[in-house]
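Please put together the full structure from these sequences, using the hints given.
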Amino acid sequence: MLAQVDSTGRVVPLKAYSRPNIIDIEASGFGTYSYPIEIGIALRNGLRYSRLIRPCDSWTHWDKEAESLHGISRSLLHQRGLSLRAVAMELNEMLCGKRLFTDAWVVDKPWLDKLFQRAGIACEFSISPLECIMSEGQLALWADVKGEVCHEIGLKMHRAIVDAVVIQETYVKTKYY
Numbered sequence: 001m002l003a004q005v006d007s008t009g010r011v012v013p014l015k016a017y018s019r020p021n022i023i024d025i026e027a028s029g030f031g032t033y034s035y036p037i038e039i040g041i042a043l044r045n046g047l048r049y050s051r052l053i054r055p056c057d058s059w060t061h062w063d064k065e066a067e068s069l070h071g072i073s074r075s076l077l078h079q080r081g082l083s084l085r086a087v088a089m090e091l092n093e094m095l096c097g098k099r100l101f102t103d104a105w106v107v108d109k110p111w112l113d114k115l116f117q118r119a120g121i122a123c124e125f126s127i128s129p130l131e132c133i134m135s136e137g138q139l140a141l142w143a144d145v146k147g148e149v150c151h152e153i154g155l156k157m158h159r160a161i162v163d164a165v166v167i168q169e170t171y172v173k174t175k176y177y
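The numbering of the sequence shown is full-length UniProt numbering, which starts it at 1 and goes up by one.
FYI, nobody ran anything at the bench for these hints, they're computed from the structure.
These numbers were taken from a predicted model, which means no experiment stands behind them.
Keep in mind that a hint or two might mislead.
Restricting the straight-line Cα-Cα distance to at most 20 Å, the calculated cross-link-like pairs of lysine to any residue (SDA-like) are [claimed, not checked]:
hint: 1; residue 1: Lys-114; residue 2: Ile-133
hint: 2; residue 1: Lys-175; residue 2: His-158
hint: 3; residue 1: Lys-98; residue 2: Glu-124
hint: 4; residue 1: Lys-98; residue 2: Pro-110
hint: 5; residue 1: Lys-114; residue 2: Thr-60
hint: 6; residue 1: Lys-173; residue 2: Glu-136
hint: 7; residue 1: Lys-114; residue 2: Glu-152
hint: 8; residue 1: Lys-173; residue 2: Leu-43
hint: 9; residue 1: Lys-146; residue 2: Arg-159
hint: 10; residue 1: Lys-175; residue 2: Arg-159
hint: 11; residue 1: Lys-114; residue 2: Ser-58
hint: 12; residue 1: Lys-98; residue 2: Ile-133
What follows is the structure in structure tokens.
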């Protein structure tokens, strides 16, 4: 079995170690007034995390087109979402010191910043564009392989946890293709 020693000195299988930590965020829409409504995390150790976020009272922007993509209604967020503070605290506890990657950094980073700023908590982990760790070969294969992974998983896209898992699996498949 191929293995590698991680930063804590544990021996982990190379394939598991090679999985990046992934974050995906669904939002109320796009643009300045949009805000995060769901966060999905797929960690390299296999841990999965998904949370709906209850919007604060001043977050009123709602795009019906975005809702038709992710299927999350505002009423569902108010019924089942956690407070901004609770989500921010959970994320920090789970991710402190870790680096996560996203395939949509240009929108996910501002949404994550908005969550933590409004919660009044400092973010204790970082996120970077997935492209930072991808080879040119992976980039060339990405769209086709992602389509295959989506088909294999067979779940509705545009839910944060599903998207995070698809991104992570696509990364692994393109790396070892």
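Structure-based check of each hint:
1. Lys-114 with Ile-133: Roughly 25 Å separates the two Cα atoms, so the pair is violated.
2. Lys-175 with His-158: violated (23 Å)
3. Lys-98 with Glu-124: holds (8 Å)
4. Lys-98 with Pro-110: Distance ~18 Å between Lys-98 and Pro-110 Cα, so the pair holds.
5. Lys-114 with Thr-60: Holds, at about 14 Å.
6. Lys-173 with Glu-136: Answer holds: Lys-173 to Glu-136 is near 14 Å, not above 20 Å.
7. Lys-114 with Glu-152: The hint is violated at about 34 Å.
8. Lys-173 with Leu-43: Holds - the C-alpha atoms of Leu-43 and Lys-173 are around 16 Å apart, at most 20 Å.
9. Lys-146 with Arg-159: holds (15 Å)
10. Lys-175 with Arg-159: This hinted pair is violated, its Cα atoms lying about 24 Å apart.
11. Lys-114 with Ser-58: Holds. Lys-114 to Ser-58 sits at ~12 Å (cutoff 20 Å).
12. Lys-98 with Ile-133: It holds: about 15 Å lies between the C-alpha atoms, which stays within 20 Å.
Of the numbered hints listed earlier, those contradicted by the structure are 1, 2, 7 and 10.
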